[in-house]
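Participant: The sequence shown begins at 1 in full-length UniProt numbering and counts up by one.
Bear in mind the hints are in silico, worked out from the structure with no lab data behind them.
Even glycine gets a Cβ: it sits at the ideal position worked out from N, Cα and C.
Accuracy of the hints is not assured; some may be wrong.
As the list claims (entries may be wrong) - Listed below are the simulated EDC-like cross-link pairs for lysine to aspartate or glutamate, each with C-alpha atoms no more than 16 Å apart in a straight line:
#1 K185 x D203
#2 K104 x D85
#3 K185 x D87
#4 K59 x D201
#5 K185 x E121
#6 K104 x D87
#7 K104 x E120
Unchecked claim - Pairwise CB distance ranges (calculated):
#8 A233 x E121: 51 to 61 Å
#9 D241 x E121: 57 to 67 Å
#10 H48 x L13: 15 to 25 Å
#11 R101 x L200: 20 to 30 Å
#12 G15 x M225: 33 to 43 Å
#13 A55 x D87: 23 to 33 Å
#14 G102 x S146: 33 to 43 Å
#15 Q116 x A222: 18 to 28 Å
#16 V58 x L239: 38 to 48 Å
#17 N18 x A55: 30 to 40 Å
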Amino acid sequence: VQVVDVGIDADPLPGLINLKVARGSGNIARTAAMSRQQAETVLLASMHLTRQLAADGVKVFGVGELGMANTTPAAAVISVLTGSDPDAVVGCGANLPLAQRGHKVAVVRQAIALNQPNPEEGLDVLAKVGGYDLVGMTGVILGAASCGLPVVLDGFLSYASALAACRIAPAAHPYLVPSHLSAEKGAQIALDALGLRPYLDMDMRLGEGSGAALAMHLLDAASVMYNQMGTLAQSNIVLPDTAPSS
Numbered sequence: 001v002q003v004v005d006v007g008i009d010a011d012p013l014p015g016l017i018n019l020k021v022a023r024g025s026g027n028i029a030r031t032a033a034m035s036r037q038q039a040e041t042v043l044l045a046s047m048h049l050t051r052q053l054a055a056d057g058v059k060v061f062g063v064g065e066l067g068m069a070n071t072t073p074a075a076a077v078i079s080v081l082t083g084s085d086p087d088a089v090v091g092c093g094a095n096l097p098l099a100q101r102g103h104k105v106a107v108v109r110q111a112i113a114l115n116q117p118n119p120e121e122g123l124d125v126l127a128k129v130g131g132y133d134l135v136g137m138t139g140v141i142l143g144a145a146s147c148g149l150p151v152v153l154d155g156f157l158s159y160a161s162a163l164a165a166c167r168i169a170p171a172a173h174p175y176l177v178p179s180h181l182s183a184e185k186g187a188q189i190a191l192d193a194l195g196l197r198p199y200l201d202m203d204m205r206l207g208e209g210s211g212a213a214l215a216m217h218l219l220d221a222a223s224v225m226y227n228q229m230g231t232l233a234q235s236n237i238v239l240p241d242t243a244p245s246s
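Please take these sequences and the hints and turn them into a complete structure.
Facilitator: In structure tokens form, the structure reads like this:
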């Protein structure tokens, strides 16, 4: 497991890979999340790290994030990239009271109207209404795809990054592996736009790579079954309609 700091609002922490370009993303209701240059820096650094790990022998990547209030920028990114109304995408995140969801919808609307992200440019959307965690995961997806390696998605945040990655480089799409259906409201909209069907539906909204980690065990099991399951002939089993006649 590699833990990467792409924008924690704190001094560099021991044990983390430091790719920080700023301490926290901007308030998207008042300004852009980051500059275009900052977005490019984090994207390229994340891609480079991923390609380096691939060269070191990693065969399957999984993404996950840990951030504060980051379902709001994720909802904004998904709204823009899918052309969906924010009310259809914005959920309650980490236990926001339902009565306050309307305010969150209004914040996402305001952020999109203020920053005017170009839905045809994934990086522009990330820079204007996204966050550093979203850019970092987008870089992992693009870096892995450039090496021909699969990326297991996590939850709602990773869907936003996957949509952005596919807008930047559509050829990345075949390397996406879904894990679980996030409990966040706009999850199905994002997955439908990606054309992905998740393998797990466990009412999860934790993030932090938890869904990706669970799905990796399914991938391991599927790989073992496909490659190691014995055939009928190897097991000396003869079906009645194939038995030699006497």
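Participant: All hints are to be evaluated individually against the structure, with a verdict given for each.
Facilitator: Each hint tested on the structure:
1. K185 x D203: holds (11 Å)
2. K104 x D85: holds (13 Å)
3. K185 x D87: Roughly 9 Å separates the two Cα atoms, so the pair holds.
4. K59 x D201: violated (25 Å)
5. K185 x E121: violated (24 Å)
6. K104 x D87: holds (9 Å)
7. K104 x E120: violated (25 Å)
8. A233 x E121: 51 to 61 Å: holds (55 Å)
9. D241 x E121: 57 to 67 Å: Given about 59 Å between the Cβ atoms, the range holds.
10. H48 x L13: 15 to 25 Å: holds (21 Å)
11. R101 x L200: 20 to 30 Å: holds (25 Å)
12. G15 x M225: 33 to 43 Å: holds (37 Å)
13. A55 x D87: 23 to 33 Å: violated (45 Å)
14. G102 x S146: 33 to 43 Å: holds (41 Å)
15. Q116 x A222: 18 to 28 Å: violated (43 Å)
16. V58 x L239: 38 to 48 Å: holds (42 Å)
17. N18 x A55: 30 to 40 Å: For A55 against N18, whose Cβ atoms are near 20 Å apart, the range 30 to 40 Å is violated.
Hint compliance for this structure: hints 4, 5, 7, 13, 15, 17 are not met, and every other hint is.
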